[in-house]
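Peer 1: Work the whole structure out from these sequences, hints included.
There are 2 protein chains.
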Amino acid sequence: MPSIIEQIASELNISNASVSRALNDRPGVGKDLRERILQRARDLNYTPSLIARGLATSQTFAIGFFVHEKPNLSTQTDPFYGEILHGVEQVCAETDYHISIATLTDAILTAPADFRFVRERRIDGMILAGPDIPNHFVVAMLQSGIPVVLVDNKLDHSPINCINSDDDRGAYLAAKHLVELGHRSIGLIAGPEHWSSNARRVWGYTWALQEVGLTAPIIHVDRTTIDSGKAAYYQLVSEHPEITAIGAVNDSMAIGAIRAAQDEGRRVPEDLSIIGFDDIEWAAHNSPSLTTINIPKRQMGKEAARRLLSLLDDPEAAPTEIIVSVQLVKRESTQERS
Amino acid sequence: MPSIIEQIASELNISNASVSRALNDRPGVGKDLRERILQRARDLNYTPSLIARGLATSQTFAIGFFVHEKPNLSTQTDPFYGEILHGVEQVCAETDYHISIATLTDAILTAPADFRFVRERRIDGMILAGPDIPNHFVVAMLQSGIPVVLVDNKLDHSPINCINSDDDRGAYLAAKHLVELGHRSIGLIAGPEHWSSNARRVWGYTWALQEVGLTAPIIHVDRTTIDSGKAAYYQLVSEHPEITAIGAVNDSMAIGAIRAAQDEGRRVPEDLSIIGFDDIEWAAHNSPSLTTINIPKRQMGKEAARRLLSLLDDPEAAPTEIIVSVQLVKRESTQERS
DNA sequence: ATATTGAACGTAAACGCTTACGTTTAAGGA
DNA sequence: TCCTTAAACGTAAGCGTTTACGTTCAATAT
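Going down the list, the sequences are from chains A and B.
According to this note's numbering, the first sequence holds residues 1 to 338 in order.
According to this note's numbering, the second sequence holds residues 1 to 338 in order.
Worth double-checking, as some hints may not be accurate.
Covered, in the sense of this in silico footprint (three residues per stretch, anywhere, with C-beta under 8 angstroms from a C-beta of chain A), are these stretches of chain B [unchecked claim]: (1) 55-63; (2) 97-103; (3) 116-130; (4) 279-291.
Read the hints as simulated data drawn from the structure, not as lab findings.
Idealized CB from N, CA, C, for every residue including glycine.
Peer 2: Here it is in structure tokens:
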């Protein structure tokens with residue numbers, strides 16, 4: 001059975017080349033012949049074989065979306081990467097590109113040297129998502145020769161194409177919000193100091209408070225779960241009972257803090273205002289619902305895909321960091337200091 | 001630049017065919033020549049071009065994982081398909097298969113007739129996930145000629161390869177649990193009657209209660225969100241104030257019911273026991289934490305992948321429905337009737 | 001000793017497209 | 001009218017594999 005291209009060619013007594021040209025919208029075929037070819041192709045329900053095309057052009061029209069398997073700082077209870085992936089899908093759906101996914105396991109992360117992981121997938125480019133993908137792996141991928149875009153991550157000492165949320169500003173907004181509500185004794189609940197987005201959030205808080213002459217006690221804990229939020233809360237209020245508002249470095253911890261406060265018999269927000277960060281799905285469903293900083297995950301995915309696609313056109317483009325802006329979402333867990 | 005296969009062939013003064021045979025572990029090449037070929041391949045860091053191989057064999061070593069975009073019955077606030085996908089990944093990671101994903105949009109769902117969607121992807125098989133993928137689409141995919149496995153779905157009148165959770169039994173267990181706690185006035189909160197998993201859950205409840213001579217009032221609402229859980233709660237208790245326990249058809253609704261009860265000043269579980277279904281991530285973090293029926297999502301993904309892979313070997317195998325068993329998870333939202 | 005067999009290996013076509021290059025043809029310029 | 005030019009189209013090689021079919025040759029059977 002001949003391929004559809006061949007069939008059209010023979011039916012119309014022309015060459016494969018002309019059919020291919022017409023189908024790909026390339027010059028070199030006359031107006032009305034082109035029309036007849038396209039018509040016939042439609043009738044025959046022609047779908048190009050991306051795989052044959054791939055062999056011929058060494059383009060696969062697939063991109064990889066690879067996420068680190070460990071739950072990260074902000075995604076304990078949230079389909080964080082699911083949302084990002086959705087964004088990637090949305091922009092790819094408008095193109096010919098397909099998405100090939102994989103989870104980055106430790107095995108892959110520790111043995112990137114042979115490029116096997118990327119080469120066997122035959123992808124044109126890749127998106128790497130997750131804050132704790134080790135630098136050395138990113139560097140290795142960069143050397144594989146295909147474009148790389150990072151999401152929720154960056155490289156330590158050199159510029160790279162990446163998409164990140166505006167953590168500094170988000171934290172700044174959060175602090176500002178608390179200050180505007182009249183709070184003057186504000187405590188901070190933070191995760192491990194060396195996580196970069198954590199550090200940036202702490203920095204944003206500190207900066208905003210400093211602007212109005214305030215300094216905040218900071219509790220660092222080594223995880224960012226609900227339970228560590230509780231623990232941080234207890235430590236914070238025992239050291240600083242005068243506090244009327246708490247900023248948490250992510251929503252899970254904020255929710256933990258709310259629980260702990262409620263367990264102690266303090267009302268949120270009447271006695272204590274608490275604000276989170278991330279706007280995970282449950283933030284809106286918590287009781288009280290959580291005031292927080294929204295990260296536009298889907299948009300991050302879209303930006304990542306767009307960046308990657310444009311890189312595919314021009315691989316030499318200079319590395320750019322895209323910072324998506326975040327937004328304060330006022331809900332029930334914060335109110336004016338009484 | 002010659003391909004690596006050609007390079008090895010010429011270095012060793014043999015033919016491409018022998019190299020290919022050795023690489024693919026096929027008979028027809030002598031023991032020690034084979035060894036030398038493999039050795040050289042390792043040295044050269046050979047990675048087969050799946051795309052060239054695909055052209056030659058018309059196997060792509062990729063499967064599609066396609067999920068319906070609408071949030072379904074049970075996944076409002078839960079990375080349901082994320083977990084399933086994880087399972088799929090885990091088993092694929094042990095094979096040569098890659099995963100190509102896409103979201104089934106309405107546009108795709110309504111125009112499947114041309115197979116464009118599946119053909120252009122050049123996949124060897126596909127997993128379709130989501131309870132409300134229309135029958136006609138599934139049928140169309142079946143006719144595309146490649147194996148199809150359904151997850152969280154089935155076909156109305158003909159057998160098909162699918163993976164589902166044991167909804168009847170789950171509901172049975174839930175009801176049994178309430179009965180064993182001493183409850184005799186039990187109400188049911190359910191979603192739309194025509195959703196099949198919903199119907200099976202209602203059926204399981206009814207059956208278990210009937211076994212001990214009980215019948216339960218059932219409230220059907222048209223969505224399965226937290227808010228509709230609240231609404232259903234109010235309707236239920238206004239019509240049946242004597243009720244001491246509530247079974248909800250999914251966790252979101254159960255949580256809604258808990259909220260509503262708490263708002264009314266009733267304590268859960270002291271005054272009212274409430275049990276959910278699904279065991280979404282938040283169930284464990286709710287206060288009180290939610291007693292519910294756990295669906296092993298990851299395992300469903302694994303089963304789906306395994307089924308698909310075996311179908312790839314033997315496409316003629318008879319359609320099988322795999323039902324994964326569910327489990328009662330006792331937490332805080334239920335207790336003995338006081 | 002010859003005939004038979006099968007393992008080892010080579011040849012070359014095929015998979016479905018793209019594309020560099022060559023040829024034809026008609027239009028436009030002098 | 002003849003020459004130039006470019007658009008239209010054809011030719012055929014090539015992308016990296018696999019595989020049906022041939023060939024060679026040594027081992028075994030007779």
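Peer 1: Take the hints in turn and mark each one as holding or not.
Peer 2: Right, here's what the structure says about each hint:
1. 55-63: holds (count 3)
2. 97-103: holds (count 6)
3. 116-130: holds (count 5)
4. 279-291: holds (count 4)
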